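Colleague: 1 is the number of the first residue of the sequence shown in full-length UniProt numbering; add one for each residue after it.
Hints listed in this document are in silico derivations from the structure and should not be mistaken for laboratory results.
Treat the hints with care, as some may be off.
[To be verified] Taking CB as the label site, the calculated pair distances span:
(1) THR360 / VAL330: 34 to 42 Å
(2) ALA335 / HIS140: 24 to 32 Å
(3) ARG115 / PRO326: 26 to 34 Å
(4) ARG115 / SER3: 25 to 33 Å
(5) PRO197 / PRO352: 19 to 27 Å
(6) HIS140 / GLU365: 25 to 33 Å
(7) ASP198 / ASN236: 39 to 47 Å
[Said to hold, decoys possible] With a straight-line Cα cutoff of 20 Å, these simulated EDC-like cross-link-like pairs (lysine to aspartate or glutamate) come out:
(8) LYS309 / GLU365
(9) LYS309 / GLU332
(10) LYS309 / GLU242
(11) LYS322 / GLU138
(12) LYS229 / ASP198
(13) LYS229 / GLU242
(14) LYS309 / GLU138
(15) LYS229 / GLU311
(16) LYS229 / GLU116
(17) LYS229 / GLU40
(18) LYS229 / GLU32
(19) LYS309 / GLU32
All values derive from a computational prediction rather than experimental measurement.
A virtual CB, placed ideally from N, CA and C, is assigned to each residue, including glycine.
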Amino acid sequence: MPSWVDHAIWWQVYPLGFAGAFPAEQPPGPGEHRLRRITEWFDHAIALGASGIALGPIFASRTHGYDTTDHYRIDPRLGDDDDFDYLLSEAHRRGLRVLLDGVFNHVGVDFPRYREVLQDGASAGWFHGRPGHFHVFEGHGDLITLNHDNPEVADYTVDVMRYWLRRGADGWRLDAAYAVSPRFWAGVLPRVRETHPDAWFLGELIHGDYAAMVAEARFDSATQYELWKAIWSSLNDGNFYELDWALQRHNTFLASFAPLTFIGNHDVTRIASQLENPEHVALALAIQMTVGGIPSVYAGDEFGYQGVKEERFGGDDAVRPKFGSPPVPVDERGARLWSLHQYLIGLRRRHPWLRAASTTALRLENRHYVYQTRCGDDALIVALNIDDMPLQVDISRAEVIAGSGAPAQEVVDAVVVEPHGWRILRPLEGA
């Protein structure tokens, strides 16, 4: 894994929604250069504490960006090559890395090779099945699965990745990587690294043996969906045993790679809508920012944006809204969440060892969870209380560094965490 990722904190953007290009009552006209609108938010990302911008799909497609028609062309609804170059230059001028979203499991029905098959049967080897009965991705008839056993598909994938890395991108998120044989990635990624050794590759994995898949596919990292689910589910259900189990499994991943951690992204219900108690958003963020891995914040979550994902066409629209120019008006709660994100991301950046930290439960009950997060000689203690009664935590000697209603820098040997509250403490020498 490239060394720059050791300090990475991503701010994730879904460009088509963010720029108002899809869905849109009227499709963007030529020359609107909507991709440039994202650059207006780069200073916001830096103020948040992010070190990189993780972009959703930006290549030519018919609808949501995951039905790619041309991997070498910027989606005309967003702009053109000049707009991409401008975005990269503005990001890199500020020290921000840029991660692209690569869809190499499937293509849209307007993909040239697929059109050739329908016309004269040529390029049939690029797909599984036969004309009229090609395999599709997870039942979506307009997403045609590529044949990853075909060397031409591998060569194409390598060439696309190299092309945009040469243009200045810093890495790739590999969409639906779980649906592709690890052998395919193991053949593709080393070839790309030969020419771009500093590039970073994130595989989208949802379940299974993460460590084995990362190793076999040669990914640098993978999306930690198990931890995402455990965070909101344990808070909603009053069952910290689920979170502890997920964190112990998370520890095993950290032995071989640093997973991407998140409490929101463009594919799931926003955390502010997912959690039944609004006070628990702060606890979810405190967990994410104090456990090992590489954090990612989905644009809008830092303001407490809401949105529910629905299982229907267009069901993601509510979690992929259009953003205007900054600053955007936020209510009092949104302002508090913004400040909390800044503080906890700042804490994360001041403790870079957290990337490789493992967690150990010090106290575990359904509605109380106290854990230590440690890497070598460095450690923090996190106390979470989702009960309606206060929680007293006895600690030999520690400094309070964050928490709900917590006096900063107070040295204590015990803390009382208010109902639905949290604390982060730093054990002191001799404790």
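Colleague: Decide, hint by hint, whether the structure agrees.
Modeller: Hints versus structure:
1. About 37 Å separates the C-beta atoms of THR360 and VAL330, a value consistent with the hinted range of 34 to 42 Å.
2. In this structure, ALA335 and HIS140 break the distance hint of 24 to 32 Å, their C-beta atoms being roughly 40 Å apart.
3. Distance hint check: the CB atoms of ARG115 and PRO326 are about 41 Å apart, inconsistent with the given range 26 to 34 Å.
4. For ARG115 and SER3, the Cβ-Cβ distance of about 43 Å falls outside the hinted range of 25 to 33 Å, so the restraint is violated.
5. For the hinted restraint 19 to 27 Å between PRO197 and PRO352, the CB-CB distance of approximately 22 Å keeps it satisfied.
6. As the Cβ distance of HIS140 to GLU365 is approximately 43 Å, the hint placing it in 25 to 33 Å is violated.
7. The hinted window of 39 to 47 Å between ASP198 and ASN236 holds, with their beta carbons roughly 40 Å apart.
8. The straight-line distance between the Cα atoms of LYS309 and GLU365 is roughly 31 Å, outside the 20 Å bound, and the hint therefore fails.
9. A hinted pair counts as satisfied when its Cα atoms are at most 20 Å apart, and LYS309 with GLU332 does not qualify at roughly 25 Å.
10. For the hint linking LYS309 to GLU242, the alpha-carbon distance of about 23 Å lies beyond 20 Å, and the restraint is violated.
11. Among the hinted pairs, LYS322 with GLU138 is inconsistent with the structure: their alpha-carbon atoms are about 27 Å apart, more than 20 Å.
12. Of the pairs offered as hints, the one joining LYS229 and ASP198 is violated, with about 31 Å between alpha carbons and a cut-off of 20 Å exceeded.
13. Taking the CA atoms of LYS229 and GLU242, the gap is about 9 Å. The hint holds against a cut of 20 Å.
14. For the hint pairing LYS309 with GLU138, the CA-to-CA distance comes to about 17 Å; that is within 20 Å, so the pair holds.
15. Simply put, LYS229 and GLU311 have alpha-carbon atoms about 17 Å apart, close enough for the 20 Å limit, and the pair holds.
16. Of the supplied pair hints, the one linking LYS229 and GLU116 is violated, its CA atoms being roughly 42 Å apart against a limit of 20 Å.
17. Between LYS229 and GLU40, the direct Cα distance comes to roughly 32 Å. Violation of the 20 Å bound is thereby established for this hinted pair.
18. Pair hint LYS229 plus GLU32 does not hold up; C-alpha atoms about 38 Å apart against a cutoff of 20 Å.
19. A C-alpha spacing of about 29 Å is found between LYS309 and GLU32, which places the hinted pair above 20 Å, so the restraint is violated.
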